[in-house]
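Asks: Protein sequence lines correspond, in order, to chains V and B. The opening residue of the first sequence carries number 0 in numbering that gives the first Met the number 0; numbering runs sequentially from there. The opening residue of the second sequence carries number 0 in numbering that gives the first Met the number 0; numbering runs sequentially from there.
For the record, the hints were derived by calculation from the structure and aren't laboratory data. It is possible that some hints are incorrect.
Covered stretches of chain B (chain V as the covering partner; in silico rule of three or more C-beta atoms under 8 Å from a C-beta of chain V) [stated by the list, open to error]: (1) 39-49; (2) 90-96; (3) 129-138; (4) 155-165; (5) 252-266; (6) 367-380; (7) 421-435.
Cross-link-like lysine-lysine pairs, in silico, DSS-like; alpha carbons within 30 Å at most [said to hold, decoys possible]: (8) B:K144 - V:K299; (9) V:K421 - B:K116; (10) V:K299 - V:K193; (11) B:K312 - B:K323; (12) B:K246 - V:K120; (13) V:K122 - B:K37; (14) B:K323 - B:K75; (15) B:K323 - B:K291.
Just so you have them, the derived chain B footprint on chain V, three or more residues with Cβ under 8 Å [unchecked claim]: (16) 55-65; (17) 79-92; (18) 181-188.
From the three backbone atoms N, C-alpha and C, an ideal C-beta is built for every residue, glycine too.
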Amino acid sequence: MKWNIPSLEELEDILWRCTACGTCKEAYDYGPPPFSAPICPAGEEFGFEGFLSSKGKIAYARGILSGELQWNDALVDAIYRCNICGGCQSQCQLDHKPFIPEIIEAMRRKAVTDGVGPMPKQKVIAQSLSSYDNPYQGPRRVRLDWTRPFKKEGKPIKNILEEPAPILYYVGCTGGYNIPVRTVPQATASIFHKLGLDFGILGEQEVCCGSTAMRLGDAEAFQRIAESNLEMFRKLHEEKGVKTIVTSCAGCYRAFMKDYPMADEYGRMMEGIRVTHITQFLHDLFQMGQLKFSESLPWKVTYHDPCHAGRHLTKYIIDKEGTQLWAGAYVNLDEKDCLYDIPRELLKAIPGIDLREMRRIRSNSYCCGGGGGVMTGYNDWAQRNAGLRIQEGMETGADHMVSICPFCHYNLNQGAQGIGSKMKLFDLTELIDKAIA
Amino acid sequence: MTAKKEDKKGKGGKVVKALRTDKKERILKELKTIVGEKNATAEEHILYAYSYDMSFVTPKLPDYVVMAHTVEEIQKLMKFSNKEKIPVVPYTSGTNIGGLCIPERGGIILDLKKMNKIVKLDPEALYAVIEPGVSHGQLANALYKYNLRFGWPVGPPSSSVSSCAISHGIGHMNARYGLNSQEITSMEVVLPTGELVRVGSCAINSDAWHSCLPMPQMDGLFKGWLGSTGIVTKLGIAIHHIPPLLKIFTVSCDHVDDMYSYMLNLSNYEICDDLTAVSWWLSQVPIPYPYKPKPEDAPEWFSYATTFSFTEKEKEARTEIWEKVVNEEKNKGTSIQVTHYPEEALKARTQLPSQIVGSTKNYCKMGGAGISWPGTFTPANRWAPIYKEWKKIMIGRNLSPSIRMSMYRGVHYGMLRAMTPFNKKNPKETENARQAIVECLKVDLDNGGMPYKPPVDFAAEINKRAHPGYLMLMKRLKKFLDPNDIMNPGKLGI
Ligand SMILES: Cc1cc2nc3c(=O)[nH]c(=O)nc-3n(C[C@H](O)[C@H](O)[C@H](O)COP(=O)(O)OP(=O)(O)OC[C@H]3O[C@@H](n4cnc5c(N)ncnc54)[C@H](O)[C@@H]3O)c2cc1C
Ligand code: SF4
Ligand code: SF4
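Here chain V stands alone, though its shape is the one from the complex (with noise of 0.2 Å):
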């Protein structure tokens, strides 16, 4: 398969249209009322203008392709102390907009190729990538822990590799590996099961889907992942009829949605295969009314969209061929792929959940700091990032925060105990599950 990835260096020219106006610094929008907050996770941890939003990596991938900035220990660790979460990237409107975080991850795979990155902890993802195909030095078989209530109520869920069935369950490695946010596909396949669905997992033979190392600069690992996924989904489809591959990782979906795309044999790999995130899936049942609830959730809480699940998965749209504007301006955006509405949909049907909102969400929202390597490199800064949101969250009066990425419920969850406060992530599923019958 061959692979679309852009180096740094075929970068430069598009790196060069960034005026350093420093617009991506905050989050604004004129309103009426005008709304304005940091945007910026690393750049509120570390204040100086090169951690800061956009702006500041551009610099130093300038730098890099200029030969100003030789790689030192201080470098490589600073193109790290970043989440890649593009709030930085919705603030910009200059023609290299649709490829800031793509800049920073080309950054990243020159300092992988360059053999000075990722930092040491991060280094352990790649090698438990290639040791157990997850990046958390998880043996195959603890995969399958989190489905053992289902064996012990005696409704045990597929082998899709030794039954067929037209849904495949991707559970993702922080779902299945992570011990606090096995609750997600729990509540998923209980879900799953509630409404009838005929589904199944990959269990032990699961493969990362490679999103981490991506956004860790170490594109071979990825490209290796990424081929034997692509395989294995052509050849679920073929023997075993999948038809849609439905994930409750918003990591793994913007892997699928976005990264995969990049091979030239994408489009012959997944033909006949949809791939959904679980919040999109359950909203498609819930308005051919096949999804119903009949529990009430007295709960106030507030949503946090997930970079990954929200903004990474806008469209941009480039005049290509110069045939609008001039070749390779950014035209448009459209945000019809990004999971702002459905969750919040579905969370407004639940009977008794009272809704409140934050002040930054949607594209604005703030990342809650675990993204891009950071959780694994630098986890103190990703709890207390995680903080800022919780604190932000229960500003609205919320008691709980609800989202659709294991990795948020992971990190606001500690980010949450680092502040000693008694808010709780849930994933939407969670809450779903307690209101279906």
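With chain V's structure known, arrange chain B with the ligands on it following the hints.
Replies: Same frame as chain V, now just chain B with the ligands:
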């Protein structure tokens, strides 16, 4: 400093100065003692991110970056820097479009963005007290709760209100209230020697920040000096009610003389918050780069006049005046027409602060990374002749003559400026723009124009023409306030 500097050329015309000095470690240690371990650095990549801006000004590296959080830290820092004779460049967002935060002689970049408290907001007395890191977006958000506003520039929402105001910045109410520096009501400043001073009413009563008058206007010692006379740590600014009824009057015409005539006439009535005209090239989003001829049938000039009224009757009265002016101009035989202003351009300039124009989309989207400008405060009766000269210079260099003219409060002078984007990646294109801009600047200066926020190239041209007494006074004041010339040295061209 007995620093040894090695210069090497990089891409984008960059010059990297690697500073090697025995002192460096000791100084960094001291800086960290003052502001805390995390808030002072000499890491090369951090310095690099402060070495350039969007202008044509040659990048230069500072030796240290320091992030201050309190006035006391700044005082200690200034005392130390003064003793060691280390240059200090105050910085909030670096978006001044004139290389004003590029450290001509290295030293310390003093980043003030984390000092971003709105210290006081008095919706009754109508003033606010802000720290230097308060951004336009942040202030707009806070004021709107009381239906209040300030003069928003067309700059980035994330840039500093105080840095714009002390640099004689222009906001969207300049025709009504004047420059943002005229809205300053009090100041707290750390002198280059570390003493804390106050000017305006807050100097007499620490809780009163309402006015710089009737005392001697010592705020002038810190306004328009490009951060070379002191660090402003608090600023009092006048704030204003937002009248509920906005009406924007838009006209177009074929000749700059006709536009000048219309603006002169309308400004006499003082009904506008902002009275601005832009050439066809500036009305495009973005400015065409390189130069592209205007379509034959398109007007060469567009104007928007924003008016705010409290009542329908007031709005009608403003409309009546505007209609009268338009009719008079038509009767004079000018080409003035009531027109539809290009929508995105109008939005960008009237819905402020704005990310559209603040992110330089209007200006640079086609050019790429670079923007600078010649011009600014210029007698209105010289606008038309200067424009004609500028147009020749700009087109001659394949650049769009994207000119803005704005009338200031109750007077017949105002902003004349050519926003000039360029491809900063390419040193030749950057130099081409720089030369065009300096040529245009000379024309403006020779016609009585005065650039604000001038890059060093401009300062040299200004000083060449300056009255000797002006230069002498300036030097004396600078020496008096900053005996060791440590603050933003080299910027004033004196
Ligand atoms: C697209 C665009 C449009 C713009 N439009 C306008 C406009 O309409 N009107 C306008 O006036 N400006 C405009 N600007 C310029 C600029 O955005 C404003 O002047 C802005 O508010 C400057 O803020 P800053 O934080 O970037 O200041 P900086 O660039 O960081 O600083 C500006 C100057 O102030 C000094 N300084 C900073 N802080 C202090 C302090 N505390 N004490 C003393 N000196 C200090 C610096 O050394 C420097 O000399 C525009 C810029 C852009 C990019
Ligand atoms: S990334 Fe975009 S918004 Fe940020 S400084 Fe560059 S041009 Fe401005
Ligand atoms: S991607 Fe997120 S963390 Fe990284 S620079 Fe942008 S806003 Fe900051």
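Asks: None of the hints should be skipped; say for each whether it holds.
Replies: Hint by hint, here is what the structure shows:
Counting residues of the segment 39-49 of chain B whose CB lies closer than 8 Å to any CB of chain V gives 8, which reaches the minimum of 3, so the coverage claim holds. For the segment 90-96 of chain B, the proposed coverage by chain V is satisfied: 3 residues have a C-beta within less than 8 Å of a C-beta in that chain, meeting the threshold of three. Remark: the segment 129-138 of chain B is confirmed as covered by chain V, as 3 of its residues place a Cβ nearer than 8 Å to a Cβ of that chain, reaching the required three. Coverage of the segment 155-165 of chain B by chain V holds. Counting CB-CB distances below 8 Å, 4 residues qualify, and the rule asks for three or more.
For the segment 252-266 of chain B, the stated coverage by chain V is violated: 0 residues have a C-beta nearer than 8 Å to a C-beta of that chain, whereas at least 3 were required. Coverage of the segment 367-380 of chain B by chain V holds [criterion: at least 3 residues with CB-CB distance below 8 Å; count 4]. For the segment 421-435 of chain B, the stated coverage by chain V is satisfied: 3 residues place a CB nearer than 8 Å to a CB of that chain, which reaches the threshold of 3. The straight-line distance between the Cα atoms of K144 of chain B and K299 of chain V is roughly 26 Å, inside the 30 Å bound, and the hint therefore holds.
For the hint pairing K421 of chain V with K116 of chain B, the CA-to-CA distance comes to about 29 Å; that is within 30 Å, so the pair holds. With a C-alpha separation of about 25 Å, the suggested pairing of K299 of chain V with K193 of chain V holds against the 30 Å cut-off. The straight-line distance between the Cα atoms of K312 of chain B and K323 of chain B is roughly 16 Å, inside the 30 Å bound, and the hint therefore holds. For a cut-off of 30 Å, the pair hint linking K246 of chain B to K120 of chain V is broken: about 59 Å separates their Cα positions.
As the CA atoms of K122 of chain V and K37 of chain B are separated by approximately 26 Å, the hinted pair is consistent with the 30 Å bound. With a CA separation close to 60 Å, the supplied pair K323 of chain B and K75 of chain B exceeds the 30 Å bound. For the hint linking K323 of chain B to K291 of chain B, the alpha-carbon distance of about 35 Å lies beyond 30 Å, and the restraint is violated. Here the segment 55-65 of chain V counts 7 residues with a CB under 8 Å from a CB of chain B, which clears the bar of 3, and the coverage holds.
With a threshold of 8 Å between beta carbons, the proposed coverage of the segment 79-92 of chain V by chain B holds, since 3 of its residues qualify and at least three are required. Given a C-beta distance limit of less than 8 Å, the hint that chain B covers the segment 181-188 of chain V is violated, as 0 residues qualify and 3 are needed.
When each numbered hint is compared with the structure, violations occur for hints 5, 12, 14, 15 and 18.
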